[in-house]
Amino acid sequence: MAWGVVYYMTNAGKVPAEEFLDSCPAKVDARFAAVLDAVRNAPPPQFSGGGYWEAMHGDMGGYYEIRLTGPGRRQYRLFCVLDNGSPKELRKRGFARPQIAVIAGMVKDSGTKFTNRDYARVRKLGSEYLGHLPRRISV
Amino acid sequence: MARLLDTTKHDRRLARRLKEDPEFRAEFERQRRQIAQIDSVVRQLDELRKEAGMSKAELARAIGREPSSIRRFFTADVNPELKTVAAIADVLDARVEVIPHLA
Numbered sequence: 001m002a003w004g005v006v007y008y009m010t011n012a013g014k015v016p017a018e019e020f021l022d023s024c025p026a027k028v029d030a031r032f033a034a035v036l037d038a039v040r041n042a043p044p045p046q047f048s049g050g051g052y053w054e055a056m057h058g059d060m061g062g063y064y065e066i067r068l069t070g071p072g073r074r075q076y077r078l079f080c081v082l083d084n085g086s087p088k089e090l091r092k093r094g095f096a097r098p099q100i101a102v103i104a105g106m107v108k109d110s111g112t113k114f115t116n117r118d119y120a121r122v123r124k125l126g127s128e129y130l131g132h133l134p135r136r137i138s139v
Numbered sequence: 001m002a003r004l005l006d007t008t009k010h011d012r013r014l015a016r017r018l019k020e021d022p023e024f025r026a027e028f029e030r031q032r033r034q035i036a037q038i039d040s041v042v043r044q045l046d047e048l049r050k051e052a053g054m055s056k057a058e059l060a061r062a063i064g065r066e067p068s069s070i071r072r073f074f075t076a077d078v079n080p081e082l083k084t085v086a087a088i089a090d091v092l093d094a095r096v097e098v099i100p101h102l103a
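Top to bottom, those sequences are chains A and B. Using this note's numbering, you'd call the opening residue of the first sequence number 1 and step up by one each time. Using this note's numbering, you'd call the opening residue of the second sequence number 1 and step up by one each time.
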């Protein structure tokens, strides 16, 4: 069964991942969409996503990122969590099937690093998403 | 019982982008083809491993790698390296081929 793809929406009604994707060059946006398409159709633990989809570790354990290189070698990242569980649990979250929840995205120049604060911001958004029943998503 | 949420936003956004932006559509289709090829190679290797009755740990030992690295290889936790693909194919008595499309 193919999973769904949802975008987290904040309390203030902002949708960080969607805003990020809208700001990306068309080709980068398309590549993110192609990776999401592959992963939703063959979700973990299967191999999927052409190597662009990777599990994160350390403080970011539990998150997955799509890693792309865009124009000018800029590094684009899209951060996701897998929202899976029993049918009963999914129903409480408002879902009929498991979802890839897209939390946020970031971009950096080649050779630079995201800061701990950058990652903490993603984790904060992810925690907010996971802390709501039913989930708060962009519709 | 909780009400089901409308989870169609991504699909609607994708459909709109595919319809409105030829550059987006061309890149999406190109990437889908490329990703499908890579995913197919890794999944075929996993199928060959299972047919050979080989555990991931045994496969890892056969190519001189840590079992954890092979577990990650088959579950998309890492970007697959071509040299690892070739080494696994060799151990499983297979080879990686590039087949040109017919003109």
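Simulated from the structure, these hints should not be mistaken for lab results. As the structure is a prediction and not an experimental result, all values here were calculated from the model. Beta carbons are placed, not taken as given, at the ideal position from N, Cα and C, and that holds for glycine. Check the hints yourself; a few may be wrong.
As the list claims (entries may be wrong) - List of simulated lysine-lysine pairs, BS3-like, C-alpha gap at most 25 angstroms:
(1) K88/A to K108/A
(2) K19/B to K88/A
(3) K27/A to K50/B
(4) K124/A to K50/B
(5) K113/A to K124/A
(6) K27/A to K56/B
(7) K9/B to K92/A
(8) K14/A to K9/B
To be verified - What follows is a list of derived Cβ distance ranges for each label pair:
(9) P71/A to G64/B: 34 to 44 angstroms
(10) L18/B to M1/A: 36 to 46 angstroms
(11) R67/A to S68/B: 30 to 40 angstroms
(12) V96/B to H57/A: 40 to 50 angstroms
(13) T115/A to V98/B: 25 to 35 angstroms
(14) E66/B to G13/A: 40 to 50 angstroms
(15) R97/A to P22/B: 45 to 55 angstroms
(16) G61/A to R25/B: 53 to 63 angstroms
(17) K124/A to D93/B: 27 to 37 angstroms
Proposed proximity, K9/B with K14/A (alpha carbon, max 25 angstroms):
Roughly 14 angstroms separates the two Cα atoms, so the pair holds.
Regarding P71/A and G64/B, is the given constraint of 34 to 44 angstroms on their beta-carbon distance met?
-> Since the Cβ atoms of P71/A and G64/B sit about 39 angstroms apart, the hinted range of 34 to 44 angstroms holds.
Lying within 40 to 50 angstroms: is that true of the beta-carbon distance E66/B to G13/A? holds, 46 angstroms
Proposed proximity, K50/B with K124/A (alpha carbon, max 25 angstroms): violated, 40 angstroms
message: Verify the CB-CB distance for L18/B and M1/A against the hinted window 36 to 46 angstroms.
response: violated, 23 angstroms
Tell me if the straight-line CA distance from K19/B to K88/A falls inside 25 angstroms.
Violated - the C-alpha atoms of K88/A and K19/B are around 36 angstroms apart, more than 25 angstroms.
Starting from K9/B, check that the Cα of K92/A is at most 25 angstroms away, please. holds, 20 angstroms
Next item on the list: May I ask you to test the hint 27 to 37 angstroms on the CB atoms belonging to K124/A and D93/B?
Entry: For K124/A and D93/B the Cβ distance comes to about 50 angstroms; the hint is violated.
Taking 40 to 50 angstroms as the stated bounds, is the beta-carbon spacing between V96/B and H57/A within them?
violated, 28 angstroms
- Has the given pair, K88/A with K108/A, been kept, meaning a C-alpha gap of at most 25 angstroms? violated, 40 angstroms
- prompt: When you take the CB atoms of T115/A and V98/B, is the distance between them in 25 to 35 angstroms?
  reply: Since the Cβ atoms of T115/A and V98/B sit about 41 angstroms apart, the hinted range of 25 to 35 angstroms is violated.
* Honestly, do R67/A and S68/B meet the 30 to 40 angstroms range at C-beta? -> violated, 20 angstroms
Hint violations for this structure: numbers 1, 2, 3, 4, 6, 10, 11, 12, 13, 15, 16 and 17, all remaining hints satisfied.
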